[in-house]
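Trainee: For reference, the chains in residue letters:
There are 2 protein chains.
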Amino acid sequence: MSYSVPPLDRLVECFQRLPSIGRKTAQRLAMYILTADNKVAKEFCDAITDAKEKIHYCKQCQNLTDGELCSVCSSATRDESLICVVEQPQDVLAFERMREYNGLYHVLHGALSPMDGIGPDSLKIKELMSRLSDDKVKEIIIATDPTVEGETTASYISRLVKPFGIKVTRLAYGIPVGADLEYADEVTLARAFAGRNEM
Amino acid sequence: MSYSVPPLDRLVECFQRLPSIGRKTAQRLAMYILTADNKVAKEFCDAITDAKEKIHYCKQCQNLTDGELCSVCSSATRDESLICVVEQPQDVLAFERMREYNGLYHVLHGALSPMDGIGPDSLKIKELMSRLSDDKVKEIIIATDPTVEGETTASYISRLVKPFGIKVTRLAYGIPVGADLEYADEVTLARAFAGRNEM
Numbered sequence: 000m001s002y003s004v005p006p007l008d009r010l011v012e013c014f015q016r017l018p019s020i021g022r023k024t025a026q027r028l029a030m031y032i033l034t035a036d037n038k039v040a041k042e043f044c045d046a047i048t049d050a051k052e053k054i055h056y057c058k059q060c061q062n063l064t065d066g067e068l069c070s071v072c073s074s075a076t077r078d079e080s081l082i083c084v085v086e087q088p089q090d091v092l093a094f095e096r097m098r099e100y101n102g103l104y105h106v107l108h109g110a111l112s113p114m115d116g117i118g119p120d121s122l123k124i125k126e127l128m129s130r131l132s133d134d135k136v137k138e139i140i141i142a143t144d145p146t147v148e149g150e151t152t153a154s155y156i157s158r159l160v161k162p163f164g165i166k167v168t169r170l171a172y173g174i175p176v177g178a179d180l181e182y183a184d185e186v187t188l189a190r191a192f193a194g195r196n197e198m
Numbered sequence: 000m001s002y003s004v005p006p007l008d009r010l011v012e013c014f015q016r017l018p019s020i021g022r023k024t025a026q027r028l029a030m031y032i033l034t035a036d037n038k039v040a041k042e043f044c045d046a047i048t049d050a051k052e053k054i055h056y057c058k059q060c061q062n063l064t065d066g067e068l069c070s071v072c073s074s075a076t077r078d079e080s081l082i083c084v085v086e087q088p089q090d091v092l093a094f095e096r097m098r099e100y101n102g103l104y105h106v107l108h109g110a111l112s113p114m115d116g117i118g119p120d121s122l123k124i125k126e127l128m129s130r131l132s133d134d135k136v137k138e139i140i141i142a143t144d145p146t147v148e149g150e151t152t153a154s155y156i157s158r159l160v161k162p163f164g165i166k167v168t169r170l171a172y173g174i175p176v177g178a179d180l181e182y183a184d185e186v187t188l189a190r191a192f193a194g195r196n197e198m
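Residue numbers (numbering that gives the first Met the number 0), protein chains in the order written: chain A, 0 to 198; chain B, 0 to 198.
The set of hints was computed from the structure by calculation and includes no laboratory data. Be careful, since some hints might not be right.
A pair holds if it fits inside one copy or across any two, identical chains being indistinguishable in the list.
Straight-line C-alpha distance at most 30 Å; calculated DSSO-like pairs for lysine-lysine [claimed, not checked]: (1) K23 to K166; (2) K137 to K166; (3) K58 to K23; (4) K53 to K38; (5) K23 to K38; (6) K161 to K53; (7) K135 to K125; (8) K41 to K123.
Whenever a hint applies, use it, and build me the whole structure from the sequences.
Mentor: See below:
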């Protein structure tokens, strides 16, 4: 813009700071808020303030919650012998959308990345270990991302957990359902080949 | 989600109400706000509240501004004989990014759409007409969208303005620069063909 409208620019910048939102989308979102009803803007602010005030980490699994324990940890119907370890709260949402997992979670809030100064102490690994002492847990499913950092974190946790005599599993690698084999990268294809199952 | 975290759900819903933001993006944005510094969330709210309070329509061109006149209308260097008529404030930003237009604007805040009950009185057409009375304006450039509604609005305004003896022009139709001819739709291609220029 060759002219400046400070409050508008400021709002656009705020939107632009959000992940995956570029300049043009930020402008469109800001314009939406500005041209929308005052009620919409107020609700937006209230929702942000309210969520920031009330939401914190679940005492047990470190997922985001507004209670002491999150609804998964406090549910009586979940299988307490399974803990699925994920990097981010979003990953819990993805698992819950699947509707097939009935165990508990543990959110690490990141993955090991020595280059970025993220060591075991920056993650919720101590909190995970303290959950293993009461003999209830039979299996740890490591569902960190299939990236270098995710893999490093998976091996690190696996090495820590094994001495407890608890089974440690990792999500299967392979070709995504619905994908075109032609476009699968070599690493994924090699993993899918190595992990082939009898039909 | 099979479990509910009310303040989080509420924030996700707020983000989802924004244009072009789906469920997954809304969740990612909400998570970003929740895991970010408290300062980020506060700045976001302040920017929304501040913008909503201070920004209104420019008295002359109806663009969004925090002053009485917007910075284009109040600039001494802009050519007052040209008015570019656009549908939305975003369109002004697009024109300003071009850095080639030095005239004024007029924002209609929509396009005629009788089916949706949007008639001439719902748009800032009266405000446009009142700007034509002082003989300064020599040309009206109609830059409404190349849609049915945009076209209808363009013809409507053109018919209103012509009796004033003011030149009325419309943006050229044609093939977008950098596009592949192969993928141009027939209507665009036909327009580009009809509007061909000697080289």
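Trainee: Work down the list of hints and note, for each, if the structure agrees.
Mentor: Structure-based check of each hint:
no.: 1; hint: K23 to K166; verdict: neither (49 Å within a copy, 32 Å between copies)
no.: 2; hint: K137 to K166; verdict: within (6 Å within a copy, 80 Å between copies)
no.: 3; hint: K58 to K23; verdict: between (40 Å within a copy, 26 Å between copies)
no.: 4; hint: K53 to K38; verdict: both (22 Å within a copy, 16 Å between copies)
no.: 5; hint: K23 to K38; verdict: both (24 Å within a copy, 24 Å between copies)
no.: 6; hint: K161 to K53; verdict: neither (36 Å within a copy, 60 Å between copies)
no.: 7; hint: K135 to K125; verdict: within (17 Å within a copy, 74 Å between copies)
no.: 8; hint: K41 to K123; verdict: between (35 Å within a copy, 26 Å between copies)
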